[in-house]
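For the sequence shown, position 91 (counting from the first letter as 1) is numbered 91 according to the UniProt record's numbering, and the numbering increases by one without interruption.
Be aware that one or more of the hints could be misleading.
Pair ranges (Cβ atoms, derived) [unchecked claim]: (1) N79 - A41: 52 to 62 Å; (2) E33 - V62: 50 to 60 Å; (3) L111 - M90: 46 to 56 Å; (4) E33 - R63: 36 to 46 Å.
Think of the hints as simulated: they come from the structure by calculation, not from any bench.
Please read these numbers as outputs of a predicted model, since none were measured by experiment.
Built from N, CA and C at the ideal position, the CB exists for glycine as well.
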Amino acid sequence: MLLPTLLCAACSAGQGPESIGPVWSRVTGPAFEGREAPPGADGAFPNLGTIPARPTVPDPAVRDALTAALAAERQRSRNPLDPERQPEPMRPAGTPGDAAMPMRPPGPVALPAAPRVPWEEAPI
């Protein structure tokens, strides 16, 4: 029962070569006639004899050392407050610092008082 239904659907209108024609003409039609060929399309076919030689495999001890160093670096990045890493000590109080950098942030700006608004008199 299902097979005849699918066969009838496959033979319905719009499924034949006339429906494929517009798609094929959009792919190969006049829109592509003035277009340049892709770069290297006119070149020779690549020769497999020109590929470089396979690189040498490094010593297993070197690979193990690199793997251990990367694992240690990854572990240190997961613990940002590692006790082995000490932050730079603060400058002791009373010691001269950089004269270009103030020791304290600037205070609030002193603004003049706003003029008094007379509420008793109605504006004319």
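Tested hints:
1. N79 - A41: 52 to 62 Å: holds (55 Å)
2. E33 - V62: 50 to 60 Å: holds (58 Å)
3. L111 - M90: 46 to 56 Å: violated (34 Å)
4. E33 - R63: 36 to 46 Å: Violated, since E33 and R63 (Cβ atoms, about 56 Å apart) do not stay within the stated range.
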